[in-house]
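Student: Line by line, the protein sequences give chains A and B. Counted from 1, the first sequence has number 23 at position 23 by my numbering; the numbering is strictly sequential. Just add 1000 to the spot in the second sequence (first one is 1) and you have my numbering.
Hints listed in this document are in silico derivations from the structure and should not be mistaken for laboratory results. Fair warning: this is a prediction, and the values are worked out from it, not measured in the lab. All C-beta atoms in this analysis are idealised placements derived from N, C-alpha and C, irrespective of residue type, glycine included. Do not take every clue at face value.
Which residues of chain B face chain A? A partial, calculated answer using Cβ under 7 Å [claimed, not checked]: (1) H1072; (2) N1078; (3) A1097; (4) W1100; (5) R1102; (6) G1103; (7) M1107; (8) W1175; (9) S1176.
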Amino acid sequence: MSGPLKRTLLEALLVTVLGLVFAFGANRLSPRGLSLTRNYFPATTTPPVNVSGTNANTIVTPNPTNQTATSIQAVLDRLRSKGLQPIDVAEAKQLFEDPKYSQELTVFIDARDDRHYQEGHIPGAYQFDRYYPERYLAEVLPACLSAMKIVVYCTGGNCEDSEFAASALRDAGIPAERLVVYAGGINDWKTNGFPVELGARKSGNLRQ
Amino acid sequence: MTSMEKSIIDVKDSKSNAANPWGSPEKRCWGRDLVGLFARCVLASSFIYLGTSKALHPADFLKLLRQYELVHDHVILNFVAIGLPWFEIFCGVLLLAGVWVRGTALMSLFMLVPFSLIVAQRAWNIHEASQIPFCAIKFDCGCGAGEVVICYKLLENAFLVLMGVLLLALRTNRWSLRYSLFRSA
């Protein structure tokens, strides 16, 4: 091996080692850092956005706005296979308008990250970013335990966060029969012209 | 100096210039240095920007990585999602500062080339499954720039690969804090 090549490879090796030390140090310090060992996608086989393999005919494009009827059916089938009950926009609206919602006997759980939650969520919905459950469970768990119906949603379409959040809540002790997943998610909610709340929960800053 | 000696020197100069496409030695040096600086800045800014976008939203990057179905072990998936964004930023900063430039350029190529091939493969799969024209395919490839038209992304990556190759080939150490690990710039 020639001298310059050897030196370049040694440099590259050093860059790799120092770069990885830097990366894991930064991840540890970052408030959005991930855990190396946690399984963020438990008990799943293939992700929904995939054009090869068994679901090749169900997804035309990974763009969630181009959902086809077959892909929506695939989402519903996937939810049922996980033992989760999906609901549509009419049922979500009915639960939202039910007086039980103001009594907190029905709760909505937004499974998206902080940025998306702040940009608009179903009014009164609790945030539960499943990637950082330790930050939210203290507030969300008591509300869910005292509720009769818990509606979990995320962006909609191929977003799986609501499914994983519902599973996490079930694992945390919430009875499965109380949990439903609003498969259409916030995109469906907005498309139907229903109000969203900006900023924090109960901020009162509503937008149609 | 006799006219004979002067004409011999002129012939030598013209031969030297013909063999050297960069012109005079001074011009050649500046040309190479400027190209090297340009390549470093382009590659560095690209890595810093794309790495930062991913590092700010690592969970989103993790979800996108998972869609490639390259690894099924969650620890390896998490390792890539945690390591890659910050590693890109690290390489970007080294390139911008001109530290260990050739080693860093080599690592940039190790990231860019396989990633471009994987993205192209996934786009091809989408093309085959959906019959959407290849260059009309648009998706979030996990590059850090959101949804991209795949052909533009591949062109952009080809350009970045070219910048990396130039940095490896040029060996220009001007405006570098420490060009090489083994000798000061």
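Student: Any of the earlier hints contradicted here, and which numbers?
Tutor: 1, 3, 8, 9
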